[in-house]
Amino acid sequence: MSAQTDIRPPSPPAPLAKSNDADRLRIVPVRRTGQRAAAVVALVLLALALNSVIRNEAFQWDVVADYFTTTAVLRGLGLTLWLTALVMVLGFALGTLLAVLRLSGNRVLQAVSWGYVWLFRSTPILVQLLFWFNIGALYPEILGVRTVNLLGPVTVAVIGLTLHEAAYAAEVVRGGILSVERGQIEAAQSLGLGPWRRLRRIVLPQAMRSIVPPAGNMLIGTLKGTSIVSIIAVQDLLYSVQLVYHRTYQVIPLLLVATIWYAVVTSLLGIGQHYIERHYARGTAGVR
Amino acid sequence: MSSTTTGSTDAMVEIRSVHKRFGSLEVLRGIDLSVRTGEVTVVLGPSGSGKSTLLRTINHLEKVDHGWISVDGTLVGYRRDGDKLYELREREVLRQRTRIGFVFQNFNLFPHLTVLENIIEAPVAALGRPKKDAVAAADKLLARVGLADKAGAYPKQLSGGQQQRVAIARALALEPKLLLFDEPTSALDPELVGEVLDVIKDLALQGTTMIVVTHEIGFAREVADTVVFMDEGRIVEQGAPGDVLDRPEHERTRAFLSKVL
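First to last, the sequence lines map onto chains A and B. Quick note: the first sequence, position 19, residue 18 per numbering that gives the first Met the number 0, numbers continuous. Quick note: the second sequence, position 135, residue 134 per numbering that gives the first Met the number 0, numbers continuous.
For reference, chain A alone in the conformation it holds in the complex (with noise of 0.2 Å):
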């Protein structure tokens, strides 16, 4: 016969156990005492804790459940929601229209979009809203109106944080119109369609699935962030509880109230942000 006939069958398995015994058999996991000891030291200091916060009178507990949901408060709140939906929106607007003209075959415009982000990014969002906030005495009239009637805080709170936000959303939205395959444009040229048109029905919609993480981040990021505009004496959460606070000493639990509601509604968007990602998903997760 062949050479094959050298190769050896397998020697047999050792008689580990009677061949009729594996129903009886128990499968015993290995001990993981390490994790257990580390879930017990946890679950103690977690107690601790807890035990801490509830027994601590200084909390005030009483007193953060009334001033929860007092007027002041969600006023504070309802500005802090559309001074974030403002920003997000206008910031993402022109963050769109950076990045296309970063993206552009002009380099002129290429340079213009790349120096505005690198200026917005390169410095503090504290320090441009007080540059704002103080533009009047560069310019103390716009259009013969007195530029402090002109910009209020608020006004002044949109425009700063909307410029800041632009450059990080247009750093976002050319990621996402880069991560679209090249293909995708030339099928669209060949198929006669426009330039606005291909950005809009084509490139758009499929690099939102890139951008919409970040920009869910940026959302709850920017959300935060408002807060920062107590310092120029717009009444958002923040600066709605500092006000309480001021007059009654509470601060402890004045504080817990803002936030309180500031983890509320990052939870609430974040849960948003789950089924966004869902629908810009469709026709990818596709059933064979």
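Treat the hints as calculated values from the structure; they're not laboratory data. Take these hints with a grain of salt, some might be off.
Unchecked claim - From the structure, some residues in chain B lie toward chain A, with a derived Cβ separation under 8 Å:
{"id": "1", "residue": "58"}
{"id": "2", "residue": "60"}
{"id": "3", "residue": "101"}
{"id": "4", "residue": "107"}
{"id": "5", "residue": "109"}
{"id": "6", "residue": "110"}
{"id": "7", "residue": "111"}
{"id": "8", "residue": "121"}
{"id": "9", "residue": "150"}
{"id": "10", "residue": "153"}
{"id": "11", "residue": "155"}
{"id": "12", "residue": "173"}
Even glycine gets a Cβ: it sits at the ideal position worked out from N, Cα and C.
Could you slot chain B onto chain A? The hints should help.
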């Protein structure tokens, strides 16, 4: 004197002395080719021979550096005035492209749109057809490529062969005078090649003018009126499939065919 028309009447495509370079690499080194109305031209050649680039210059996805191309008697991408070729504005180029269908190797269907939306996008947006008419036409096209039941599916839910058939239907929706195929079966699993080639054969039988870049020699033999063999940016030889494929005159053609047959 200004003019946009050139050439004889029965030539759908005329290519004259076309050169194209990418940086220091000259991809097309003087291409002359005529394609008659109703004929199928198959372009063969090793990768890097410039055949895909040539195809892409015909609908101006690539600009030529020298020479000119006309489709149905109209210069592509340029307007001639005396001895000068003036580049057309994008809007005019886009209008020209609606008369030239292009099918890509990787299909390039729009993944976020359904099959139906893929097909009616151009007729509605580029030609301004009423949506109802475009949908009716799309349904007929889908039936023609054997996918009548897939109108509501997303591209990723289809096999590669089905996707390419949708891409062909999408190109046909503009009722183009000329169809260009850039290696339409190269990205497909072997068992799916046949269904796509059958659709292309069917179009050929109905007298559609086509230029097909492919590696499918059997398809060329069966369907082509003219086979063109390209190498290193030049057309080495062209003629009836029986001549070029069975009795090639040039050594390079013979060497290529011996490798792929």
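Original post:
So which hints don't hold here, by number, going up?
Top reply: The structure breaks only hint 9.
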